[in-house]
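Peer 1: Sequence:
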Amino acid sequence: MGSQSVEHLVFAGNPGVGKSTILNSLVREVRFRAGISAGGGLTVELQRVQKEQTVYVDTPGLFDAVRIKQAAAEIEKSLKLGGLYKIIFVVQLKAGRVKSEDVTTMVLILNAAPIQQFGIVINDVPKKTATKIRANEDQFWENIKVALLSDLPVKTEFLHIVERDEECVDENDVLMPPPDGLEEFLAKVPAIEIAEDKVEHISVTTYEKLQHELGTSLRKFEESESHRE
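Going by the numbering used here, the first residue of the sequence shown is number 1209, and it counts up by one from there.
Derived by calculation from the structure, the hints in this document are not laboratory data.
As the structure is a computational prediction, the values presented were derived from the model and not from experiment.
Beta carbons are placed, not taken as given, at the ideal position from N, Cα and C, and that holds for glycine.
Hints are all accurate, no fakes.
Derived DMTMM-like pairs: lysine to aspartate or glutamate, alpha-carbon spacing no greater than 25 Å straight-line:
1. Lys1259 x Glu1215
2. Lys1302 x Glu1350
3. Lys1336 x Asp1373
4. Lys1302 x Asp1381
5. Lys1428 x Glu1345
6. Lys1353 x Glu1392
7. Lys1363 x Glu1215
8. Lys1302 x Glu1431
9. Lys1363 x Asp1346
10. Lys1277 x Glu1421
11. Lys1417 x Glu1282
12. Lys1336 x Glu1350
13. Lys1302 x Glu1365
14. Lys1285 x Glu1401
15. Lys1259 x Glu1391
16. Lys1302 x Asp1346
17. Lys1396 x Glu1350
18. Lys1417 x Asp1272
19. Lys1259 x Asp1381
20. Lys1335 x Glu1375
Taking CB as the label site, the calculated pair distances span:
21. Thr1414 x Arg1236: 35 to 43 Å
22. Pro1334 x Gln1278: 27 to 35 Å
23. Gly1423 x Pro1334: 20 to 28 Å
24. Ala1338 x Lys1396: 19 to 27 Å
25. Ala1338 x His1409: 33 to 41 Å
26. Pro1398 x Lys1285: 20 to 28 Å
27. Gly1423 x Gln1278: 18 to 26 Å
28. Arg1236 x Asn1344: 33 to 41 Å
29. Glu1431 x Pro1361: 18 to 26 Å
Take the sequences, apply the hints, and build the full model.
Peer 2: Right under this line is the structure:
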């Protein structure tokens, strides 16, 4: 089957954000290694599972000091499969705030390929936090969009929250139903075409420097928000 006849649904994000668990739920079986791992992510190389006309793609995370070069090479490979793509970044909040390493990973990948449309899934949101978000949803999205998107070379309007499922916590290779609303969200994210010769090398040598700069930017934003409250 030619690459033009399928759509690649690529999940990218750092180790431990829950990419593999989400993918297993979407394909309705445990095909991607998922769970806790000491010292790094369980996904160390590109994994693909095809279901009808969709190829589900799991990529290793860049925020792994031991395997960062290997992870970058595998992510590059995932963007050179040819044909149509939907790129989904999976991130997590820490104490309700955006993590600099997540933004860093998005920046490096977006700089390496002509990705003009993509989605962001904010995964594993604790129930109490999710309740607060729903109570003040407009303000939450305003803050998150500034924190997540202001430093990205390309912006997106496609963001989705996945609430934490306590049955998945600290479990390996657990199979759960797709999170509420996720499949509908993925259907709305536009597909794009990525030509292999347009994908550049992911520059991991600048990861720590870029993360530090983005971390400083996020802290300044958080301080300005706290002064407004």
